[in-house]
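J.: The primary structure of each chain is shown beneath.
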Amino acid sequence: MKIALFATCIVDAMYPRVAQATVQILERLGHEVVFPAGQACCGQMHLNSGYFREALPVVENHVRAFESGFNSGEYDVAVAPSGSCVASVKHQHAMVARWAVERGDKRADATLEARADAVGERTYELSQLLTDVLGVTDAAAQLGSYLPGAITYHPSCHGMRLLRLGDRPLSLLRTVEALNVVALPEADQCCGFGGTFSIKNADVSSAMLADKVENICGTGAGACAGGDVSCLMHIGGGLSREGRTTESGAPVRTVHLAEVLASTRENPLSFDGALALAGGAR
Amino acid sequence: MTAVSLGMPALPPRGFGNISATEPFPKAAHRELGNGQLRANLGHATHTIRDKRLRVVSELPDWEALRDAGSAIKTEAMSRLPELLTQFEEQFTARGGTVHWARDAAEANRIVEGLIRETGSSEVVKVKSMATQEIGLNEYLEERGISAIETDLAELIVQLGHDKPSHILVPAIHKNRTEIRDIFLKEMPGVDRSLTDEPRRLAMAARAHLRRKFLSAKVAISGANFGIAETGTLGVVESEGNGRMCLTLPETLITVMGIEKVLPRAQDLEVFMQLLPRSSTGERMNPYTSLWTGATPGDGPQNVHVVLLDNGRTRALADRHGRGALHCIRCSACMNVCPVYERTGGHAYGSTYPGPIGAILSPLLTGVEAEENSSLPYASSLCGACFDACPVKINIPEILVYLRGEDVEAKHGRGPASSGADGKSNGRRRALPTQMDVALGAASWALSSGDRLGLLEKGLPVARALAGRDGKISRLPGLAAGWTQSRDVPAPPSESFRSWWKKRAAPGEGDGAARGGAE
Amino acid sequence: MSAREEILARVREALGAPEPVTDSLAPTGTRGAGSPDLGDGRRSYRTASGLDEDALVELLIDRLVDYKARVEVVGPDALAEAIRARLEGKRFVVPEGLPSEWLDPSLAAAAVRDSRKAPIAVDRLDELDAVVTSSAVSIAETGTIVLDGSPDQGRRAISLVPDHHVCVVPVETIVGIVPEGFARLDPTRPLTLISGPSATSDIELERVEGVHGPRTLDVIIVR
Chain A
40 MKIALFATCI VDAMYPRVAQ ATVQILERLG HEVVFPAGQA CCGQMHLNSG
90 YFREALPVVE NHVRAFESGF NSGEYDVAVA PSGSCVASVK HQHAMVARWA
140 VERGDKRADA TLEARADAVG ERTYELSQLL TDVLGVTDAA AQLGSYLPGA
190 ITYHPSCHGM RLLRLGDRPL SLLRTVEALN VVALPEADQC CGFGGTFSIK
240 NADVSSAMLA DKVENICGTG AGACAGGDVS CLMHIGGGLS REGRTTESGA
290 PVRTVHLAEV LASTRENPLS FDGALALAGG AR
Chain B
116 MTAVSLGMPA LPPRGFGNIS ATEPFPKAAH RELGNGQLRA NLGHATHTIR
166 DKRLRVVSEL PDWEALRDAG SAIKTEAMSR LPELLTQFEE QFTARGGTVH
216 WARDAAEANR IVEGLIRETG SSEVVKVKSM ATQEIGLNEY LEERGISAIE
266 TDLAELIVQL GHDKPSHILV PAIHKNRTEI RDIFLKEMPG VDRSLTDEPR
316 RLAMAARAHL RRKFLSAKVA ISGANFGIAE TGTLGVVESE GNGRMCLTLP
366 ETLITVMGIE KVLPRAQDLE VFMQLLPRSS TGERMNPYTS LWTGATPGDG
416 PQNVHVVLLD NGRTRALADR HGRGALHCIR CSACMNVCPV YERTGGHAYG
466 STYPGPIGAI LSPLLTGVEA EENSSLPYAS SLCGACFDAC PVKINIPEIL
516 VYLRGEDVEA KHGRGPASSG ADGKSNGRRR ALPTQMDVAL GAASWALSSG
566 DRLGLLEKGL PVARALAGRD GKISRLPGLA AGWTQSRDVP APPSESFRSW
616 WKKRAAPGEG DGAARGGAE
Chain C
317 MSAREEILAR VREALGAPEP VTDSLAPTGT RGAGSPDLGD GRRSYRTASG
367 LDEDALVELL IDRLVDYKAR VEVVGPDALA EAIRARLEGK RFVVPEGLPS
417 EWLDPSLAAA AVRDSRKAPI AVDRLDELDA VVTSSAVSIA ETGTIVLDGS
467 PDQGRRAISL VPDHHVCVVP VETIVGIVPE GFARLDPTRP LTLISGPSAT
517 SDIELERVEG VHGPRTLDVI IVR
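Residue numbers (my numbering), protein chains in the order written: chain A, 40 to 321; chain B, 116 to 634; chain C, 317 to 539.
Pulled out of the complex, with its shape left as it was, chain A reads as follows:
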């Protein structure tokens, strides 16, 4: 299968290793990865902040960047290592297109809504693609996934509630060799990121983050995995600020699902030269 990678702006610019890990996983399964060069961002930050006019060109760019490859058969599906970006593509792009038409915005394009829907329908979040389309049921056997240590998992809100990812990401993690997956108390509680919410309502956001950080550290795991880099940046930023460590003194980290799945015996995920996560193998 030919798969278009939507890296997302934050992964592209701040966490390239997550996109690289995504590429590795897909190629290990024998699929061909394409990176549509025109892509930039889903526009979620603008949309969720109410800047619909400013979101419009971002959304148009995304639709333009991906639709030609779908139409020409260059690729069959698109994938992004981010639940919230996929949710935006699937749920918000058509909305902003419709909004522009209703408002009589002079840049409005009557065809955009349908085109956005067409792109959205063929766009998948990573765990969704791996489980539902590519048939991955055993990460160790099918991807060679191996990571010694203990990890916990935060199911980001948009993946959980807008995409209904359910236990797909956890099921994948549980089949990684040597990895001990520890349940996160109050896992379904938001970490407090919420895009510009973290800035506009910084106090409330920080209070939510503090509880999430406590719950993560209470598991004793060496890292918290997730499927949304923005939430991980938020949680990781809190862990880093507070200098939280495991019992063995290693910093508690955040790591993307793709990085965990891409980790192998031959080339294990490493942090600052340390090969294993804290918390012991299962």
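Think of the hints as simulated: they come from the structure by calculation, not from any bench. Think of the CB as a built atom: it goes at the ideal place given N, C-alpha and C, for glycine as much as any other residue. Any given hint might turn out to be false.
To be verified - Chain A is nowhere near these chain B residues, computed Cβ spacing over 10 Å in every case:
#1 Glu-222
#2 Arg-315
#3 His-324
Unchecked claim - Quick list of the computed label-pair ranges, beta carbon to beta carbon:
#4 B:Thr-213 <-> C:Ala-425: 39 to 45 Å
#5 C:Arg-440 <-> B:Ser-236: 18 to 24 Å
#6 B:Lys-573 <-> A:Glu-113: 22 to 28 Å
#7 A:Pro-307 <-> B:Lys-573: 29 to 35 Å
#8 C:Lys-384 <-> A:Ala-153: 37 to 43 Å
Given the coordinates of chain A, work out where chains B and C should sit on it, guided by the hints.
T.: Showing chains B and C alone in chain A's frame:
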């Protein structure tokens, strides 16, 4: 939304009642967050009710079908509202009741006052009601020498404590048992001085305090959970029996009901009487529900009135992206699951309607420009827990985002369609660009082209150099300072994925080692 | 323009041109003769429980006990004795239509009779210890007993003011779920749905039984 010429002023008229935030949400939230006791009380209470709700909801195999039905019935009711309201009026009148109509809070208050005056009474007992909270009825009557006694335990706690409700179901949710005991000891006439903080003892104290009032009351005021168009029936869902007391014993009963509470058919009760109790108190059924249709000769109040209240509801109805908020059945499930509400409590929202539903309903009723209501749609991380919990499937996150859009448009003087396609101002305020405007404007330019983003990413090594030796950024200026107040930012990578991919695709042009290796 | 006219005009204007109602929810085919079942899944929730009498009684008891009501199941012949056992030595009120055979002769003289035509004053009701009524419908799944003001249930005040409610539930009035309950009720009668004794959750969201309504609910299921 199309501008409506009739009765839709840009700003709400005076006398709108208690549905506006009076200070920006972040400011109010900051204050409330500093109250450790409040945080503890709210955390305990919201977690208790969440667990109960989940348990009783999971018992029903057809919960989702009930939610779908509830949503469909509400959609139908809104679309048939003129017909249903007149049908309700006919039926209620035919069965001995009197129907009044109130355009806003001030008019509703005047009507209720007049009806009380006709009875010659200067004291009324009240069943907990959001509509009368919304219109500020108690304060209005108090100023005119009529004492309105709240009979719901939590409302009584709030009233005795000279406080404001902070939750639509449990108005005193911000108080714990010890604080409640202290209020009773201080404010309840004739209270047993040995009162403990055991909830049973507190409830018994309230029973003793209110008993004489119930038995002697001549006038009661209530809200209504439902009004049935088909039969003219009104319903009140409650727990303590104070509702039954008020709805049964006095001679005169005055009900204030929002026009959106009307349901087409009596059969629809079979849906809402399953959705509401399980969503609100987390019970299979609330202890008491009273349904009455006009006056029943020889049984209960014979002088029966209903005041049908608009107070901004038609404004919300005119907004086709926001009108779903009117489907709300006031169960409070959304606030119980909301991580923001859990931490700030209801007072931070200013309005009678707090939590996620309040963050959309208040600005929809008043217009987003009213007082500080424009800050409410931002009081959410958009986590979506409210939408999942809502028994009538109000898509609260979507309406929050839509209202943020309305706010941005209004602040930039870019009115809705009425201002024309050119986006020219139609007299709305036009603020100077904020930091957010500038940042998001620039980001829009950068993020609407792969080439432009790629070009900017060439600057990553410079940004990386700005990070400390520990590989993190702990302090940023301006807007981003909100971020770094509690979070670090990792040092950026030396190279973007885009750039890595380019080299990998065409080895030789750059670093050929890129293929296959994670950074 | 009157407030009524203005509000109705605002509503019409707010709704704009009438759109076809796609969400219409006409009563299902099992109810409302001649009205179509839309079959679009909008009333796809359960409308019948399919439980037999044993299961209904068992479920109702389970739910009532959960609400801290006291429940007993008796045969028709034992009903008078069951009521007598609960009311012996108490002053109590009965509605005019309560079947006379429900009251043991030793109690009959102590019963205060209430009717719409000759209502007992509230203060007098407050001096009584208890009330005995029948009931119209009971819903097993939610533990809900419904009074509809029929002569054997009486005015709403009598089942409210006394602190102890002895409520008789004939087994044939028990249904499984809420829609079955409403199907049997006339919404224009004064209806009181009772699910356990009065209760409050207003203090730290912990349920406390017994506030303003009767603090003791005795349910006698007759089968």
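J.: Are the hints correct? Go through all of them and say.
T.: Here is how each hint holds up against the structure:
Under the 10 Å C-beta cut-off, the non-interface status given to Glu-222 (chain B) relative to chain A holds; the minimum distance is some 33 Å. With a least CB separation of 31 Å from chain A, Arg-315 (chain B) remains clear of the 10 Å interface cut-off, as annotated. Under the 10 Å C-beta cut-off, the non-interface status given to His-324 (chain B) relative to chain A holds; the minimum distance is some 37 Å. Thr-213 (chain B) and Ala-425 (chain C) have their C-beta atoms about 44 Å apart, which keeps the hinted 39 to 45 Å range intact.
For the pair Arg-440 (chain C) and Ser-236 (chain B), the beta carbons lie near 22 Å from each other, so the given range of 18 to 24 Å is met. In this structure the supplied range 22 to 28 Å holds for Lys-573 (chain B) paired with Glu-113 (chain A), their Cβ-Cβ distance being about 27 Å. Taken as a hint, the range 29 to 35 Å holds for the pair Pro-307 (chain A) and Lys-573 (chain B), whose Cβ atoms sit roughly 31 Å apart. Lys-384 (chain C) and Ala-153 (chain A) have their C-beta atoms about 58 Å apart, which leaves the hinted 37 to 43 Å range violated.
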